[in-house]
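Participant: The opening position of the sequence shown corresponds to residue 51 in the working numbering, with each subsequent residue numbered one higher.
In short, the hints are calculated from the structure, not lab data. These figures come from a predicted structure and were not determined experimentally. Using N, Cα and C, we set each Cβ at its ideal position, and we do this for glycine too. Mixed in with the good hints there might be a few duds.
As the list claims (entries may be wrong) - List time: in silico DSS-like cross-link candidates among lysine-lysine, alpha-carbon distance up to 27 Å:
{"no.": "1", "residue 1": "K225", "residue 2": "K53"}
{"no.": "2", "residue 1": "K231", "residue 2": "K219"}
{"no.": "3", "residue 1": "K67", "residue 2": "K53"}
{"no.": "4", "residue 1": "K53", "residue 2": "K64"}
{"no.": "5", "residue 1": "K53", "residue 2": "K231"}
Stated by the list, open to error - Label pairs and their in silico Cβ distance ranges:
{"no.": "6", "residue 1": "L163", "residue 2": "W77", "range": "38 to 46 Å"}
{"no.": "7", "residue 1": "T124", "residue 2": "I174", "range": "38 to 46 Å"}
{"no.": "8", "residue 1": "K67", "residue 2": "N127", "range": "29 to 37 Å"}
{"no.": "9", "residue 1": "G66", "residue 2": "L157", "range": "26 to 34 Å"}
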Amino acid sequence: MEKPPLELAQRYVKSGKFLWNAAMFVWRVDALTAELRRLQREVHAGVREIAAAWESRDQEQVTARVWATLPNVTIDNGVMENSSRVAVVPAEMGWSDVGDWHGLGELIDHDDLGNSVRGDLVQIDTTNSVVWSESNRMVATVGMDNVIVVDTEDALLVIDCSRSQEVRKIVVLLKAATRAKLT
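Make the full structure from the sequences, and use the hints.
Facilitator: See the structure below:
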């Protein structure tokens with residue numbers, strides 16, 4: 051169960067009968083696609099449409115159009131919690147929640163001011179921040195602390211690190227904006 055309510059999570063831990071799913075999956079493609087077809091028909095159809103266009107000149111347009119219409123469901127909720135074709139292998143290993151930009155920033159090198167940077171950054175008094183640029187634009191910050199800046203070709207995100215889990219909310223709005231733009 052992904053993110054169970056606190057009381058239920060405490061019961062799981064206390065019982066000693068549950069393992070933590072760190073979302074590290076290994077599967078055969080045919081097994082996963084069969085489960086997608088059975089449990090998430092809309093996702094399966096969308097993935098097949100994207101795959102069919104993958105090496106074509108329409109790849110980007112098809113991917114953007116289809117991706118924006120797919121249901122917002124995680125592999126955990128949509129497949130793993132509902133499949134009978136799942137096995138768990140207990141293991142102890144390092145883990146970090148790279149499910150958000152703050153988590154990613156914790157994994158990459160920091161400068162002397164605590165900033166994790168990928169891309170070109172010019173800064174004045176910027177500390178404890180994550181700056182990720184894929185756009186080839188220079189990122190400039192002044193007087194920032196504990197922020198995340200993600201600059202891609204199609205969007206710019208600026209968010210306080212303490213609210214990094216809220217990115218999921220803005221992704222919903224971005225998908226809606228993309229759908230509106232495509233129609």
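Participant: Hint by hint, note whether the structure agrees.
Facilitator: To see whether the hints hold, each was checked on the structure:
1. For the hint pairing K225 with K53, the CA-to-CA distance comes to about 23 Å; that is within 27 Å, so the pair holds.
2. A hinted pair counts as satisfied when its Cα atoms are at most 27 Å apart, and K231 with K219 qualifies at roughly 19 Å.
3. Using a Cα cut-off of 27 Å, the hinted pair K67 and K53 holds, with the two alpha carbons roughly 17 Å apart.
4. For the hint pairing K53 with K64, the CA-to-CA distance comes to about 16 Å; that is within 27 Å, so the pair holds.
5. A threshold of 27 Å between alpha carbons decides the hint, and for K53 with K231 the separation of about 33 Å lies outside it, so the pair is violated.
6. The beta-carbon spacing between L163 and W77, approximately 41 Å, falls within the hinted interval of 38 to 46 Å.
7. For T124 and I174, the Cβ-Cβ distance of about 39 Å falls inside the hinted range of 38 to 46 Å, so the restraint holds.
8. The given range of 29 to 37 Å is broken by K67 and N127, whose C-beta atoms sit roughly 21 Å from each other.
9. For the pair G66 and L157, the supplied restraint of 26 to 34 Å holds, since their beta-carbon distance comes to about 30 Å.
Hints 5 and 8 from the list above are not met by this structure, while the remaining hints are.
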